[in-house]
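One line per chain: the protein sequences are A, B and C, in this order. Once you know that position 257 of the first sequence is 257 in the numbering used here, the rest is easy, because the numbers rise by one and skip nothing. Once you know that position 164 of the second sequence is 164 in the numbering used here, the rest is easy, because the numbers rise by one and skip nothing. Once you know that position 151 of the third sequence is 151 in the numbering used here, the rest is easy, because the numbers rise by one and skip nothing.
Check the hints yourself; a few may be wrong.
20 Å max Cα-Cα, derived SDA-like pairs, lysine to any residue [claimed, not checked]:
| id | chain 1 | residue 1 | chain 2 | residue 2 |
| --- | --- | --- | --- | --- |
| 1 | B | Lys290 | A | Asn138 |
| 2 | A | Lys335 | B | Lys290 |
| 3 | B | Lys109 | B | His86 |
| 4 | A | Lys335 | B | Lys182 |
| 5 | B | Lys79 | A | Asn138 |
| 6 | B | Lys79 | A | Asn164 |
| 7 | B | Lys79 | A | Val210 |
| 8 | A | Lys336 | B | Ser187 |
| 9 | B | Lys290 | A | Val210 |
Derived list of chain A stretches under chain B, where covered just means 3 residues or more per stretch with a C-beta under 8 Å from a C-beta of chain B [to be verified]:
| id | region |
| --- | --- |
| 10 | 22-35 |
| 11 | 121-132 |
Partial list, derived from the structure: chain C residues whose beta carbon lies under 7 Å from chain A [to be verified]:
| id | residue |
| --- | --- |
| 12 | Phe45 |
| 13 | Arg47 |
| 14 | Asp109 |
| 15 | Ser116 |
| 16 | Glu122 |
| 17 | Thr125 |
| 18 | Leu129 |
| 19 | Ala130 |
| 20 | Asn133 |
| 21 | Thr134 |
| 22 | Glu136 |
| 23 | Glu137 |
| 24 | Asp139 |
Just so you know, the hints here were simulated from the structure itself, not pulled from any lab data. C-beta: ideal position from N, C-alpha, C; glycine also.
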Amino acid sequence: MASNLTNIPQSMELVCPAGTPAALKAAVDAGAHSVYCGFRNETNARNFPGLNFSVKELRDGVRYAHQRGTNVLVAVNTFARAGDVGIWTKAVDDIAACGADAIIAADLAVLDYAHKNHPQVRLHLSVQAAAATPEAINFYAQTFGVQRVVLPRVMSVEEIEKLNKEISVETEVFVFGGLCVMTEGRCALSSYATGKSPNLTGVCSPPGDVSYDEEGDKLYARLGGFTIDGFEAGENAGYPTLCKGRFNANDETSYLFEDPVSLNAAALLPRLRAAGVTALKIEGRQRGKAYISQVVKAFRQAVDVLDAGGNAEAEVSAMLNAMTEGGRETTGAYKKIWR
Amino acid sequence: MQKIELALGPSFFNWSVDYLHDFYARIADEAPVERVYIGEVICGKRMPFNDKAWPQVIERLERGGKQVVFSTIALPVTKRDRVSIHDLCELDMLVEVNDMAALAQRAGKPFAVGPFFNVYNEGAAQALIERGMETLCPPVELPLASVATIAKACPDLTMEMFAFGRLPLAVSGRCYHARAHKLHKDSCQFVCDKDLDGMDVDTLDNQQFLAANGIQTLSHSVQALTLSAEEWHAQGIGRLRLSPHDIDMVQVARDYRALLDGEIDSSELEARLKAMPLPGALANGYIAGKPGHVWAAD
Amino acid sequence: MALKPERGQFPPVLQTAMRFLPPPPLGMFLTHAVRRLSTQRPDLFERLGAYKRAQFIVDPVDLPYVFKLVPNGEHAFVEMLPKAKAPQGDAKITGPLIVLLGLIDGTYDGDAMFFSRDLVIEGDTDAVLALRNTMEEADLTPAELIGLNGQLRDVVDRCANSTLANLRKVLDAPQAG
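Let the sequences and hints guide you as you build the complete structure.
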């Protein structure tokens with residue numbers, strides 16, 4: 001059985017994104033209990049140009065984090081390409097060699113390899129595996145020794161609470177940042193439009209397939225040639241993430257799948273703790289270090305206030321308001337009305 | 001050369017019990033398919049209705065000489081969803097697993113794995129074969145080259161390609177039919193029964209793009225893989241899956257059979273399909289590793 | 001995508017005046033700066049990957065020149081060209097000079113500037129993204145860019161930062177993110 005994370009606080013563990021070594025340092029310095037990151041190749045689900053870590057950068061990052069009592073969790077959470085599984089198993093070997101604290105994986109081949117070859121390293125089930133039932137989660141725990149599951153962003157707090165009573169492993173939930181509307185790891189919308197998707201290539205709605213076209217006084221944001229949204233002159237343009245677009249259906253134009261909002265579950269922290277959640281995850285490996293630093297500080301303060309018996313809602317919303325800059329937020333599926 | 005079989009996949013849509021009875025009666029009597037997948041794979045809320053149809057449908061299909069496979073729900077969430085999986089996995093008949101919860105309960109007995117289950121490589125396939133997988137219909141976005149690689153590494157596994165129908169692209173916790181009708185999932189009034197092939201979703205400039213079916217998002221286009229039996233055989237493919245639509249599926253099966261038997265060629269099959277009232281244009285980009293909406297020959 | 005008009009640009013009088021001044025020899029100076037960086041921070045150029053051979057055109061809208069950058073490590077070069085002779089390049093970044101400078105030292109977030117239309121990206125967006133993420137990792141200060149270190153570096157940085165901050169105010173540039 002793999003070891004426990006060394007720095008798990010009594011309360012909830014704050015798991016923070018790092019797209020670059022600079023962001024890792026920013027997250028550690030801002031008070032992250034754990035940082036997650038990935039290698040600079042297709043083995044992780046944020047495979048964007050110029051992002052992520054080399055093996056050496058991971059080794060240095062682990063050292064920096066460990067010196068300050070922070071854990072490093074490494075995502076190898078795409079699905080290995082048939083015939084090239086070796087790229088993924090090498091990533092697993094490298095993580096173990098770097099002394100990182102956990103591997104985050106979704107693919108059966110990767111889980112199986114990590115379990116058989118590196119049983120001393122903790123194994124976390126990536127959100128890309130979309131495991132939401134006790135049957136599925138217990139199966140992963142029994143078969144591969146998975147010690148934590150990152151829950152898909154489709155569950156309500158009530159469901160999470162019930163689930164925690166029926167499983168033996170830790171749960172980690174997303175609390176801030178980008179919001180997948182579709183069940184993670186089960187979405188091929190991006191590859192339908194562009195040929196590239198989270199599962200195949202570690203990207204969603206990739207920038208190389210985006211175009212902004214001015215037509216008359218309107219600006220259209222397109223992905224793979226499909227119009228995802230349109231903006232009036234002077235209106236802030238949005239990124240054409242496929243599931244956050246405006247479409248025509250049932251004789252109406254609307255954000256059919258989801259409005260262009262981001263997740264903010266800060267107000268739900270007390271309830272998530274009561275529901276038995278172990279760790280809180282912040283999305284955003286593609287974000288800059290200034291952003292990371294601010295968000296991590298805000299959530300760390302919230303968790304600390306919560307530990308002290310207070311209710312951190314007011315403090316956190318004040319701190320996070322600056323981050324969203326008028327962008328809209330949602331508590332997502334955590335409140336059942338979302339569905 | 002072994003014969004390439006045909007299978008009818010599970011229907012994704014909210015069809016009435018009467019519609020299901022009529023649809024499967026014709027399939028049982030007339031469609032040249034060896035295997036038929038049945039069951040509700042999209043929404044547990046539909047189960048209390050269509051559950052009533054299945055015993056008779058199974059009996060009818062078996063009488064017609066078809067192998068019947070019961071498919072499990074793709075995204076189990078509620079207690080009811082989970083109970084349905086548990087009950088199906090206990091059945092003596094072959095079961096198609098569409099989620100890890102079903103695998104957990106079916107492991108040890110033979111099962112098929114459907115396109116909602118993430119199998120992208122030979123390592124994952126091997127792990128499932130060890131637990132009883134006999135057929136794999138891989139995720140629709142997987143290129144044919146990858147499917148062939150898996151097939152080669154797993155010679156005893158039957159590889160089944162999603163050869164016809166709107167592509168199942170995504171599932172969600174949220175119901176888009178309810179949302180489009182300004183309802184919530186919990187009080188959805190079953191509005192998804194209005195769209196027998198799914199609800200068209202077009203872009204702002206009215207380009208046909210996607211289709212919504214409850215919590216599921218499909219392609220607007222209709223996948224049509226039209227390789228010959230020899231070509232499929234060379235890639236290690238043993239069966240083609242035709243996904244049900246509100247069109248003459250018996251005719252679709254006959255046309256595919258004709259292609260596989262060498263009676264017609266690919267272009268003739270494509271012409272026949274295009275002559276039918278399909279819900280969208282033909283597409284086949286995924287098998288070539290291209291965007292799923294394109295016709296790879298373009 | 002069109003730029004939001006006027007925000008953060010030099011006043012028209014100054015823009016006109018600059019057209020008549022001889023171009024300062026910035027290209028050679030910047031070439032040396034980037035090449036020096038490649039020996040100090042080879043990781044940055046590894047991070048750029050294949051995009052280090054891309055041709056980036058940086059177009060400050062309020063200057064009569066554009067910069068052509070190929071950040072190819074020790075073979076890197078930067079050229080300053082009159083606007084009329086600007087090549088197409090693989091990717092082009094257009095914006096007021098003050099915003100472009102703010103991107104280098106991290107004052108501005110590239111994403112935010114793009115969505116508020118203070119910045120326009122054309123061509124290979126993957127190349128621009130690689131450059132943006134690399135700049136994010138690089139964490140360059142003005143003094144570092146011109147190759148200073150030690151005490152002088154701190155003095156120059158402080159001086160440059162306050163000058164730029166004042167300039168942002170005077171030019172009504174977007175608020176720093």
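> Any CB of chain A closer than 7 Å to the CB of C/Asp109?
Replying inline: 5 Å, holds
> Can C/Glu136 be said to touch chain A, with a Cβ gap under 7 Å?
Replying inline: 5 Å, holds
> Within a Cα-Cα threshold of 20 Å, do A/Lys335 and B/Lys182 meet the stated pairing?
Replying inline: 17 Å, holds
> Does C/Glu137 pass the interface hint, meaning its C-beta sits closer than 7 Å to a C-beta of chain A?
Replying inline: 4 Å, holds
> Has the given pair, B/Lys109 with B/His86, been kept, meaning a C-alpha gap of at most 20 Å?
Replying inline: Holds, because 13 Å separates the two Cα atoms, which is no more than 20 Å.
> Given the proposed pairing of B/Lys79 with A/Val210, does the C-alpha separation stay at or below 20 Å?
Replying inline: Violated - the C-alpha atoms of A/Val210 and B/Lys79 are around 41 Å apart, more than 20 Å.
> Is it true that the CA of B/Lys79 sits at most 20 Å from the CA of A/Asn164?
Replying inline: 15 Å, holds
>> Quick check on the hint: C/Thr134 CB to chain A CB, less than 7 Å?
In response: OK, holds: C/Thr134 within 7 Å of chain A, min 5 Å.
> Does C/Glu122 pass the interface hint, meaning its C-beta sits closer than 7 Å to a C-beta of chain A?
Replying inline: 9 Å, violated
> Given the hinted pair B/Lys290 and A/Asn138, is their alpha-carbon gap at most 20 Å?
Replying inline: 37 Å, violated
> Going straight from one Cα to the other, do A/Lys335 and B/Lys290 come out at no more than 20 Å?
Replying inline: 38 Å, violated
>> Tell me if the interface restraint on C/Ala130 is satisfied: Cβ within less than 7 Å of some Cβ in chain A.
In response: 4 Å, holds
Figure legend: structure checked against the earlier numbered hints; hints not met, in rising order: 1, 2, 7, 10, 12, 16.
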